[in-house]
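**Q** Under this note's numbering, think of the first position of the sequence shown as -3, with each following residue one higher.
Keep in mind the hints are simulated off the structure, nothing from the lab. In this text, all values refer to a predicted model and were calculated from it rather than measured experimentally. Heads up, a few of these hints could be off.
What the hints assert, rightly or not - Within a straight-line C-alpha distance of at most 25 Å, the following computed DMTMM-like cross-link-like pairs (lysine to aspartate or glutamate) qualify:
(1) Lys113 <-> Asp99
(2) Lys83 <-> Glu118
(3) Lys94 <-> Glu76
(4) Lys166 <-> Glu215
(5) Lys166 <-> Glu208
(6) Lys258 <-> Asp246
(7) Lys108 <-> Glu144
(8) Lys113 <-> Glu76
(9) Lys108 <-> Glu136
(10) Lys166 <-> Glu111
(11) Lys250 <-> Asp203
(12) Lys166 <-> Asp35
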Amino acid sequence: MEVLSLIGIAALLLWSYGTFKSLFELCWGLWKQRSEGVDYVRRYGKWAVITGGSNGIGLQYARFFAQQGLNVAIIAINDEQLEQTSKEIQQQYGVQVKKIPIDFSEGFGVYKLIEEKLINMEIGVLVNNVGITHDKAYFETIAIESYERFVNVNINAAVMMSRIVLPQMKQRGRGLVINISSAFGLIPVPICLMYGASKAFMLSFSDAMREELRPFGVECQTVTPLFVRTSLTEDFATTTLGALVCANLDSFGKFLTMTIGKSTRTTGYWMHGIMLTASNLIPRDILCRLLHFFIKYAAAKINENK
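With the hints as constraints, model all of the structure from the sequences given.
**A** The following block contains the structure:
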């Protein structure tokens, strides 16, 4: 009986760790942030490269690293936003800003240009943030031509940017890669099937990358947020449900950047940690059914508001 009791206790501890890991790592990261200061340039390098860095979560990272004294290279599709963001960061933080207008949906042909733009730069941080979503619709109703675009932006961009930047980080023995996944990569998401699947790829890609890079002194963080008020969630945030669960972007950014270098995987926001922990208590099949209902409901409300 003693052996069975020990097995039961071990199983309970493992379940508790898996269930509460996200919340624990966020709290641990915030505590460490208060207990130590960090020289990010010395720890990682002189430049931070952020994909999708002209707005949303990417802009939060660009501002943060510029504030820490890193020069920033921002890769984004919108020329106007890119220009505005670059001026803001240069004026406010006095660092160098390199603008790289790129449409990742165009496929592998864009990476030669990116590589040329980044040559001879000591890149200390790479933030694989760029991403798109799709209409809340069932898989077979999504336009076929959008599949390639979706894979190019949500998957291939992170793969290729990492391929470009990692060799120099490993050679120097320092650096940081931040991969933006989503809580939707951890749980099945009907009606957002392609989005959730792409974020599940990012989750696996990032966690495996972390172990590959560990012997070389290069850090890798996986971020799995829930809903944040950005251009991707603008329609959803207008619904009653969206207003309840969407985090304010600035508040999210403050918590998110506190976890840099402190936790290997984080939701980035205290409320998201609680919500993800709560979702882990629900059987997966039931959670999938609930998400199907709520996303279908939200999609209907969005269509009503248009």
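**Q** Out of the numbered hints, which ones does the structure contradict?
**A** Per hint list: single violation, 9.
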